[in-house]
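Enquirer: Chains as they are written, first to last, in our numbering: chain S, 1037 to 1383; chain X, 1037 to 1383; chain V, 1037 to 1383.
Heads up, a few of these hints could be off.
Stated by the list, open to error - Simulated crosslink set (DSSO-like; lysine-lysine; CA at most 30 Å straight-line):
no., chain 1, residue 1, chain 2, residue 2
1, S, K1377, V, K1377
2, X, K1301, S, K1233
3, S, K1332, X, K1089
4, V, K1089, V, K1063
5, V, K1364, V, K1374
In short, the hints are calculated from the structure, not lab data.
Quantities reported herein were computed from a predicted structural model and do not represent experimental measurements.
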Amino acid sequence: MPAAAGVVLSLSDIAARLGGDVLGDAKTQIRQVATLASAGEGEIGFLANLKYKSQLRTTRASAVIVGPDFADGLDLPRIVTRNPYAYYARLATLLNPRVATAAGVHPTAFCGSEIPASVSVGANASIGLGVILGDSVVIHPGCVIGDGVRIGAGSVLYPNVTIYAGCSIGRNAILHSGVVIGADGFGFAPDQGQWVKIPQIGRVVIGDDVEIGASTTVDRGALDDTVIGDGCKLDNQIQIGHNCVIGKNCVVAACAAIAGSVELKDNVIVGGAAMIAGHVTIASGAVISGGSLVMKNITRPGQYTSVFPLEEHSHWLHNAAQIRHLAKLAERVSELEKKLKNTDIEG
Amino acid sequence: MPAAAGVVLSLSDIAARLGGDVLGDAKTQIRQVATLASAGEGEIGFLANLKYKSQLRTTRASAVIVGPDFADGLDLPRIVTRNPYAYYARLATLLNPRVATAAGVHPTAFCGSEIPASVSVGANASIGLGVILGDSVVIHPGCVIGDGVRIGAGSVLYPNVTIYAGCSIGRNAILHSGVVIGADGFGFAPDQGQWVKIPQIGRVVIGDDVEIGASTTVDRGALDDTVIGDGCKLDNQIQIGHNCVIGKNCVVAACAAIAGSVELKDNVIVGGAAMIAGHVTIASGAVISGGSLVMKNITRPGQYTSVFPLEEHSHWLHNAAQIRHLAKLAERVSELEKKLKNTDIEG
Amino acid sequence: MPAAAGVVLSLSDIAARLGGDVLGDAKTQIRQVATLASAGEGEIGFLANLKYKSQLRTTRASAVIVGPDFADGLDLPRIVTRNPYAYYARLATLLNPRVATAAGVHPTAFCGSEIPASVSVGANASIGLGVILGDSVVIHPGCVIGDGVRIGAGSVLYPNVTIYAGCSIGRNAILHSGVVIGADGFGFAPDQGQWVKIPQIGRVVIGDDVEIGASTTVDRGALDDTVIGDGCKLDNQIQIGHNCVIGKNCVVAACAAIAGSVELKDNVIVGGAAMIAGHVTIASGAVISGGSLVMKNITRPGQYTSVFPLEEHSHWLHNAAQIRHLAKLAERVSELEKKLKNTDIEG
Chain S
1037 MPAAAGVVLS LSDIAARLGG DVLGDAKTQI RQVATLASAG EGEIGFLANL KYKSQLRTTR
1097 ASAVIVGPDF ADGLDLPRIV TRNPYAYYAR LATLLNPRVA TAAGVHPTAF CGSEIPASVS
1157 VGANASIGLG VILGDSVVIH PGCVIGDGVR IGAGSVLYPN VTIYAGCSIG RNAILHSGVV
1217 IGADGFGFAP DQGQWVKIPQ IGRVVIGDDV EIGASTTVDR GALDDTVIGD GCKLDNQIQI
1277 GHNCVIGKNC VVAACAAIAG SVELKDNVIV GGAAMIAGHV TIASGAVISG GSLVMKNITR
1337 PGQYTSVFPL EEHSHWLHNA AQIRHLAKLA ERVSELEKKL KNTDIEG
Chain X
1037 MPAAAGVVLS LSDIAARLGG DVLGDAKTQI RQVATLASAG EGEIGFLANL KYKSQLRTTR
1097 ASAVIVGPDF ADGLDLPRIV TRNPYAYYAR LATLLNPRVA TAAGVHPTAF CGSEIPASVS
1157 VGANASIGLG VILGDSVVIH PGCVIGDGVR IGAGSVLYPN VTIYAGCSIG RNAILHSGVV
1217 IGADGFGFAP DQGQWVKIPQ IGRVVIGDDV EIGASTTVDR GALDDTVIGD GCKLDNQIQI
1277 GHNCVIGKNC VVAACAAIAG SVELKDNVIV GGAAMIAGHV TIASGAVISG GSLVMKNITR
1337 PGQYTSVFPL EEHSHWLHNA AQIRHLAKLA ERVSELEKKL KNTDIEG
Chain V
1037 MPAAAGVVLS LSDIAARLGG DVLGDAKTQI RQVATLASAG EGEIGFLANL KYKSQLRTTR
1097 ASAVIVGPDF ADGLDLPRIV TRNPYAYYAR LATLLNPRVA TAAGVHPTAF CGSEIPASVS
1157 VGANASIGLG VILGDSVVIH PGCVIGDGVR IGAGSVLYPN VTIYAGCSIG RNAILHSGVV
1217 IGADGFGFAP DQGQWVKIPQ IGRVVIGDDV EIGASTTVDR GALDDTVIGD GCKLDNQIQI
1277 GHNCVIGKNC VVAACAAIAG SVELKDNVIV GGAAMIAGHV TIASGAVISG GSLVMKNITR
1337 PGQYTSVFPL EEHSHWLHNA AQIRHLAKLA ERVSELEKKL KNTDIEG
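Extracted from the complex, chain S is given alone in its bound form (with noise of 0.2 Å):
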């Protein structure tokens, strides 16, 4: 289990700043969240898949958080709320809090701009010229941040991030190792079989509240600018195409590859290692299926998938097979289908 953080408060301090009820005894001393199954003293538990409500009476928390339902019948101590794994994120959070980094620029880092005192500059990163960073702004080592971007206030930088000159990053966004954000989309005008480059003169403007995972790239405009909208959450090894203008709270999960002028409305999920092909638009409140491709607009909330199904790999070889004469078996069902009506008017 993971050390606690040093931080320690009862179940009335926690209930002080996050809401919900508390039941039992108010004073129980809390200094880490788990898993139900693995808390201990001093840890606190919590409900959030009814999958695992029987483990709500082996656990050996102190106490735990749980929805209404669960309000009685239970002789832990207890929070009750709506929304017991938000509340379970937020107490995370107050228990863990980000480990300080100190503000000012490292010695062998180099800074091109002025920058705010409360800004953390870290080892052997790099600022351009003209860079305009919020306050208490964390850039962690090996960073690059091209001339002219702008990042808001709180926003973390974790090692060795690449931004190019002239993006916009807005506040409190979290941004992992490997992110490239402003790399030139991908423009090539055809010319006797050669291809020539279009230079890509948009940008990359990020929201407030937006999380990118590591290695994920964000290609800049090819005239116009690509967009994350407030409250994204993106994850690992992603691709976002030149152009793309993604709405608010979409959530991206790993590996998915955005191609140039795709727009998500607000809301959109989608799933691990989708395709998204280009010009498309998705609307809110719709779900990609891990690992399917989109190649036509959506334009109603739901699920949507197109997944090949997994099979032991010799019975996938005989039904595969079958694939390429499928059109051809649809014909042969509706000759014998005419036959048999047919047969049936003679007999």
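Could you slot chains X and V onto chain S? The hints should help.
Expert: Then chains X and V, alone, in the frame of chain S:
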């Protein structure tokens, strides 16, 4: 709209450099390219996709680039050329010259080789021993260039690019951030349940005029080299396995996964998130659709696709469930055809 | 062909170190490995894939490595061994020792911990507080090692690798450029249309003899750790989600996407661009084909595949169009079977 870069040219200036025929006021001043839909005063639009031809009537651009079919019937000052898209690309390049990087080695960079005075090495970059750089090469901050690497004149490496020892890059290359050239190919010999590493003693050899997108990785060969031909354009997040031989002027879209020893002949196009299995050869003029998996050689030009169609999830459940019974379904249809044929004979 | 690294050994020298039986002139001098097809004087070839056995007659290698079936009937000096491929791997390693890196901390590196004198820390690397490094660890330029990280003896981190705080790597690891170990797992609790971040307070724990390819990312656990077992070999561009538990000696090919809480038992093989959904367990001895998606537990060894077959695009259009009518097609066939059965009864 993107800011103009400060370059202003008349239509006759432009035609003097890029060719094409000017109709209408040749003195029209142009400072930036734009789409027909959003162009304003001092901006030039272009018609490449005939889908947008109605915008020629409504555009507020000061001038337009069109093909011969649109030479007449327009009032706007215009440049007529056989390939408007490539013309726009070249004009955009003229109007948006890459920001010059000061020659010289940044004081925080480490450079272990003698390099031309025209080369620019950015903050915290690291250049090994025996490295040979051509004129005007630009190495952005955080790059790491291994021993014995050669990079041809005019090449640009954006921040945080890594080139392993011994690799060779041609002239006018553009490598985006996070690119890794020359990491070990994936080679292991199985031996009683364990995996013995096979040293990868080949290199990566990249031709002239190659562009490689952010976070793309190209592995060094096991014995022979991995080769990328002149004029290739690789997007982001691509994997090129060891001992691939990629021909000239190939285009590979984002997230494509190309296994070891694949050979792409000249002018192959690989769609986004496509996958090519090891030791496959793909003929010149072939186009692999996005998300498609190539397992056998492709010997003729044309487009090739292997995509499961997308549906609402409940429909997908019903239809995908039939895949594992497809071979059986085909047999049942054959049985029915046999029965009906016998019925015909008796009938 | 690759340059020889300067090491020259006779066949008897080689057999003294690696085993095997020498037939023919044991004094034959070998300085490099090569393929049978391209080997020349002073080079040794190997026959692992019987498809190439005819090349034993034509090779110009000075010697060859063969299995027992090929001990006789050859004139060439040879080493006979039960596993020629593994033998080639070990001999290639002998003949191509990794270039030694000078011990010590480069003046441009920042090192916040006490480290053994035998460790090498390259230009512009950054090592945090409380870091524990084993003997002869090599940290190449641009790496960033977070606070409290442990790395076992003999491990090598190529340039621009990032290890987040608290993670643990075993002995003899090889991490290629762009690898990110310990970024936050993708954890968010939905709350009224927004996403509340769940701190990821577990770590990544990697065993001994693990190799991880370029740009691969392994996320830290939410509460428990993400674990990678001894002897695993991971290729490039792989994503390992939080709380995965990967057994010993697993092999994962490039671009595989493994979601959170996946468990791979020992000796699992995952093909390139394969995808494994969250919380899936895969039994020892299973092989997942490239491009295939695993959505449910796999409990028995064997190969598993879920790939849509490739066709010329126009054929694909016709056949794929039938997929959304597959359930209906199966019903129509059942109807026909019912009708024909009734016809039989009456007939």
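Enquirer: Can the restraint linking V:K1089 and V:K1063 be considered satisfied, given a maximum Cα separation of 30 Å?
Expert: OK: V:K1089 and V:K1063 at ~25 Å, within 30 Å.
Enquirer: Just to be careful, I want the Cα atoms of S:K1377 and V:K1377 compared with a cutoff of 30 Å; is the pair within it?
Expert: Status holds; Cα separation ~14 Å.
Enquirer: Going straight from one Cα to the other, do V:K1364 and V:K1374 come out at no more than 30 Å?
Expert: OK: V:K1364 and V:K1374 at ~15 Å, within 30 Å.
Enquirer: For S:K1332 and X:K1089, compute the direct alpha-carbon distance and say whether it is at most 30 Å.
Expert: holds, 23 Å
Enquirer: Check the hint pairing X:K1301 with S:K1233 against an upper bound of 30 Å on the C-alpha distance.
Expert: holds, 21 Å
In terms of the numbered hints stated before, the structure departs from none.
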